[in-house]
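*Asks:* For chain R, the structure is supplied; the task is to place chain S on it using the hints.
Chains R and S are the protein sequences, given in the same order. Here the first sequence is numbered in our numbering, starting from 1 and rising by one per residue. Here the second sequence is numbered in our numbering, starting from 1 and rising by one per residue.
By construction, these hints were calculated from the structure, which means they are not laboratory data. Heads up, some of the hints might be wrong.
Simulated restraints on C-beta separations [stated by the list, open to error]:
1. S/I13 to R/P69: 41 to 49 Å
2. R/D53 to S/E17: 43 to 51 Å
3. S/T110 to R/R9: 28 to 36 Å
4. S/E15 to R/L99: 39 to 47 Å
Facing chain R, according to a computed beta carbon distance under 7 Å, are these residues of chain S, among others [as the list claims (entries may be wrong)]:
5. T31
6. L33
7. E41
8. G42
9. P43
10. L45
11. A48
12. Y50
13. S97
14. L99
15. F101
Cβ coordinates follow ideal geometry from the N, Cα and C atoms, glycine included.
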Amino acid sequence: DAMVIQNPRYQVTQFGKPVTLSCSQTLNHNVMYWYQQKSSQAPKLLFHYYDKDFNNEADTPDNFQSRRPNTSFCFLDIRSPGLGDAAMYLCATSRDRGLAPNEQFFGPGTRLTVL
Amino acid sequence: GQQLNQSPQSMFIQEGEDVSMNCTSSSIFNTWLWYKQDPGEGPVLLIALYKAGELTSNGRLTAQFGITRKDSFLNISASIPSDVGIYFCAGQSGTASKLTFGTGTRLQVTL
Numbered sequence: 001d002a003m004v005i006q007n008p009r010y011q012v013t014q015f016g017k018p019v020t021l022s023c024s025q026t027l028n029h030n031v032m033y034w035y036q037q038k039s040s041q042a043p044k045l046l047f048h049y050y051d052k053d054f055n056n057e058a059d060t061p062d063n064f065q066s067r068r069p070n071t072s073f074c075f076l077d078i079r080s081p082g083l084g085d086a087a088m089y090l091c092a093t094s095r096d097r098g099l100a101p102n103e104q105f106f107g108p109g110t111r112l113t114v115l
Numbered sequence: 001g002q003q004l005n006q007s008p009q010s011m012f013i014q015e016g017e018d019v020s021m022n023c024t025s026s027s028i029f030n031t032w033l034w035y036k037q038d039p040g041e042g043p044v045l046l047i048a049l050y051k052a053g054e055l056t057s058n059g060r061l062t063a064q065f066g067i068t069r070k071d072s073f074l075n076i077s078a079s080i081p082s083d084v085g086i087y088f089c090a091g092q093s094g095t096a097s098k099l100t101f102g103t104g105t106r107l108q109v110t111l
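Isolated chain R, as found in the complex:
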C-alpha cells in the first residue's frame, strides 16, 4: 500500500544533542510537510518542500532545519533540542499544491523526548 513512513516512532535525545527524524513516502507526491504537535493541540506547520523548493514558516525557530535529498525522503534536523521541543513530529505529503484535490496524508509520527 502507498504510504507515509516515519522512523523512528520514538526518539529520545539529550538536551542540546542534535537529532534527525526521517520520513519517506511511496505516494510519489510532490509536496512534503513537517508538523510539530504538542499534547492536546492541533499540528503546527514548521515547513514544507514543494519538490526541491524549501518553504519555511515565519515562526519556525532556526533550531529546526530540513533536507529533502530526493522525492521519497525528507529529514527534520533539530540542531540543539531544548526541553520545549519534546513533542510529536508529523510528516505529511500532498500530491501537489494549488488546485484541489490536494489532501494531505500523514505518517504515524515520531514522539521525541528530550532529557
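*Replies:* Frame of chain R; chain S shown alone:
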C-alpha cells in the same frame, strides 16, 4: 497562527448514539478536510470536501461543506467504541495547500 473554531471541545456518548461536530471560520476555504487521530498516531483522513454545499459520506460518517465556505460539520451515526479519538477539521486554501486546523473534538464512547 489561525485556528478554526471547532465544537464541541469534547463529548461523552454511549455506544449506538449519533454524534455531530462542527467547524467555523472567519475566512473562506476551497477544501474542507476531516481527520481522526488516535493516541500516539498521526491523523488519518476521513472525508475531503471540495465544493460549497457538498455532502459526502464514508460509511457511518457524513460531512458537509457549508454554503458560505466558512463552515463544515461531521456526523457519525451509531457510534462504536473504535470511534474514540480526537477529530480535527482542517480548511485548505492558497497555493501551498496549507491546512488551517480546528481545535479538535475529543470523543469518548461508553458501552
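*Asks:* So which of those numbered hints doesn't the model satisfy?
*Replies:* No numbers; nothing is violated.
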